[in-house]
Amino acid sequence: MLFLGRGDYLLAKLFNLQVLTPEREFFSGDVEAVWLNLPDGSFTILANHMPLVAPVAICDLKIKQNDEWRVAFASEGFVEVRRDGVLLFLQTCEWPDEIDARRAEDAKLRAEEQLRQKRSIAENNELRIELARAMERLRVSRLRK
Amino acid sequence: MSSVSEIRRRIQAVEQTKKITGAMEMVSSGRMRRVMSHIEYNRRYFRYIRNAMLEIIDTVNDPDSVNHPYFTERENPTVTYVVISGDKGLCGSYNAQIITAAENALREHPTAHLITLGNVAEDYFVRRGRTPDIAMYGIVQDPTMKSARSVARDLMRLFDEGLTDEINIIYTSFYGETKGYPVTTRLLPIVVGDYNDADIGHYGSEIEYMPDRRAVFDRIVPQYIIGLLFGLMVQAYAGEHYARMNAMHSSTQNAGDMLKALKSQYNLARQSAITNEIAEISGAALAIDGK
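In the order they appear, the protein sequences are chains C and X.
Each residue of the first sequence is one higher than the last, beginning at 1 in my numbering.
Each residue of the second sequence is one higher than the last, beginning at 1 in my numbering.
The set of hints was computed from the structure by calculation and includes no laboratory data.
If you're wondering where the values come from, they're calculated on a predicted model, not measured in any experiment.
Every residue, glycine too, gets a C-beta built ideally from N, C-alpha and C.
Possibly wrong hints are sitting among the right ones.
25 Å max Cα-Cα, derived SDA-like pairs, lysine to any residue [what the hints assert, rightly or not]:
1. C:K62 - C:L38
2. X:K146 - C:R142
3. X:K179 - C:E25
4. C:K64 - C:E98
FRET-style restraints, in silico, Cβ to Cβ [unchecked claim]:
5. X:E208 - C:N16: 16 to 22 Å
6. C:V71 - X:P222: 22 to 28 Å
7. X:I57 - C:S120: 27 to 33 Å
8. X:E40 - C:V71: 23 to 29 Å
9. X:E40 - C:I121: 35 to 41 Å
10. C:E68 - X:T131: 16 to 22 Å
11. C:D84 - X:D133: 29 to 35 Å
12. X:A23 - C:I121: 22 to 28 Å
Pulled out of the complex, with its shape left as it was, chain X reads as follows (with noise of 0.2 Å):
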């Protein structure tokens, strides 16, 4: 059995540790609720505008006038998958989880481009010789509508510039059935297709479109593509801190189950310490007085 002193250190070092846990788990609570609300309204904001552009699409007779290069699917494309991982870990299976997602698709797509935006997805893909070819750093700790737009404008000019003609983002998502899991979501081209839950076709043909549908077109698609990533991105933001807050508050609760057995340990450690000194003290007295 260890020492008294021994016990002793161990407690004051897991105590010390249950106090860190304890306040990540409440850092991490407090900026995932930051964030609750802006999804919400994110998704709302998404879904207008999913349909005002598809509405466009719908109205038109001739196609081709909104013929726009973001909605034309190119052959044998390269494809491009941008993973939002974490900058730290802590965080449960988080970034595990998004790491596979990523490695099932890259082994899909072996000649695939790959950008990071997280340290730990950019580490562990240096670490497997892949590196990323873009790896973008500060976004994930701080989810903004100004990152968003710098973010969307370089995958909007990798895409116009046909280095890359399709661009999917692995995520987790913070929402409904998938909520907590990766989830892979096409960014360009866009497929109209990928939505079938949209509810278009209100008003029709009586829409004024000004100055007309095309420059209406042309505004509100990188307008949607800025929208849909920033969501994206707040949603694994929300999605991290909601896995570091479990594992926080497990790691936290797990400090204290160990606190309560190193507690009886050093409790019997020290009765025993007693019994042991006490034995020996009567017996020298027996040794003395038998003498």
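If we strip away everything but chain C, and leave its shape as in the complex, we get (with noise of 0.2 Å):
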């Protein structure tokens, strides 16, 4: 296999992929890459990864499949890479037609304004998420068609 780089190669092999978040099943089938951010940098997985189980930042979730990238909003979780597949656990996942721009929006400026008001470290970790979906989610919706 000849690897390009970013996940274009030869010769693709399809492997079989599952996104699940706890309100529903957002992707199933067989791909030929996944590409997602892990916290320390982007990954991408082909088929036949080793086993391999790590946290996923909230970030675009970029998934080849019929020589085809398909972009969606991911927030965080974590891949479970196994020898029949890979699967895929987040908070949430959309397409980019699934998010509400407005309510992102919305979102990022609330979660802007709380964090310049003084609060706890809990909290500020949390606003810190907030901010970070809601910044991400804004950027997917964007590569609306």
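Join the two chains into one complex using the hints; note that each chain is given alone, in its own frame.
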């Protein structure tokens, strides 16, 4: 297999991907590659990846299927790479056209405003995540076709 | 026998009520169906996440290396009960069952803390002079991930700060044999022995953890708690609407039966009124003739 960087490669081999959230099954099917963010950088999973469990950061999740990249918003969670496929557990996951951009904008402003006020450390962390979530949602929502 | 106009008014009242109960039944069945799909996926999500967590525990040679506070049972625990009831009545025995279960639990642990989700449970315990330590509002009407996250965060904080050593959720199950009945589930601490149905150990030690087991574990545990809590909230919500749907269905049916009975009463009353009138007229005519 010839690797050309960032998930572009020849002779694509498929593997099963399931993206699960507490609310729904977001995605299930055979894909060529998955691109996501781990806390210390971006990460691409191809077929026959070694078994792995790792936390996933809030990011734009990219799924390559039929030679085409699809992008979705992914909230924090973790990924489990198994011999028989990849399981992705996320708090929420949305396609660009499912995102309510105005709501995300409101959430962003609210989180920023609350961050400006002094809060406890725990609350501060929570708000930071809230803000990251809102910003990523906004970014992904702009990819709408 | 009541007069014709009286019966007519009763018929109108019953018809109005029947319309309302019919509409409530429709609304509840719609809401229930909306969250039903959540329940199925939530169970799958939850089962996977639980197995992933147990796999980590299972593959650790030195259990202390993942010695998470949420897995440690404390001695002489201060117990907290979180009671999930409805915000409204008119749903059969749904609220009554939950309150009975909560009462029983509180009788066993008289010193336990009480947290209520839902107005009905709060009102009941306030009336009984057992004011809940915390009452949360606006959550049972619309169980979302957002509210599950905030409730889970608050509960974890109580546990972290040592204000409570054990958190139990009393909710109405919507799955399996216990469907429609109140169930008590332990949220914290997580006791591995609570789950004997997990299938673990497929991959064993060949899994790599990034950056390390501990970090992954710390990440999974809150997700597990949020996922579990969301699942319970959704089940309670579906259970409430299931109960309301059934209650309203039988109300609508009863209203139909009542209408039938009232209508025959009405006809009887109307007929006897007419008979009376005719009797009076013919009586009067006879009296005139006889003059």
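Between the beta carbons of C:D84 and X:D133, is the distance compatible with 29 to 35 Å? Cβ of C:D84 to Cβ of X:D133: about 47 Å, so the range 29 to 35 Å is violated.
Sort out whether C:L38 lies within 25 Å of C:K62, counting only the CA atoms. holds (13 Å)
Measuring from beta carbon to beta carbon, are X:E208 and C:N16 in 16 to 22 Å? Taking Cβ atoms as reference, X:E208 and C:N16 lie about 19 Å apart, which means the hint holds.
Determine whether the Cβ-Cβ distance between X:I57 and C:S120 falls within the hinted range of 27 to 33 Å. Given range 27 to 33 Å: holds, Cβ gap about 31 Å.
Given hint C:E98 paired with C:K64 - CA-CA distance at most 25 Å: holds (19 Å)
Given the hinted pair X:K146 and C:R142, is their alpha-carbon gap at most 25 Å? holds (23 Å)
Distance restraint evaluation - C:E68, X:T131, Cβ atoms, bounds 16 to 22 Å: Once the Cβ atoms are compared, 59 Å apart, the range 16 to 22 Å for X:T131 and C:E68 is violated.
Is 23 to 29 Å respected by the C-beta to C-beta distance linking X:E40 and C:V71? For X:E40 and C:V71 the Cβ distance comes to about 27 Å; the hint holds.
State, for the Cβ atoms of X:A23 and C:I121, whether the hinted interval 22 to 28 Å holds or is violated. Check failed, 49 Å falls outside 22 to 28 Å.
Given hint C:E25 paired with X:K179 - CA-CA distance at most 25 Å: OK: X:K179 and C:E25 at ~23 Å, within 25 Å.
Confirm or reject the claim that X:E40 and C:I121 have a C-beta distance inside 35 to 41 Å. holds (38 Å)
Measuring from beta carbon to beta carbon, are C:V71 and X:P222 in 22 to 28 Å? holds (26 Å)
The structure is inconsistent with the numbered hints 10, 11, 12, although it conforms to all the rest.
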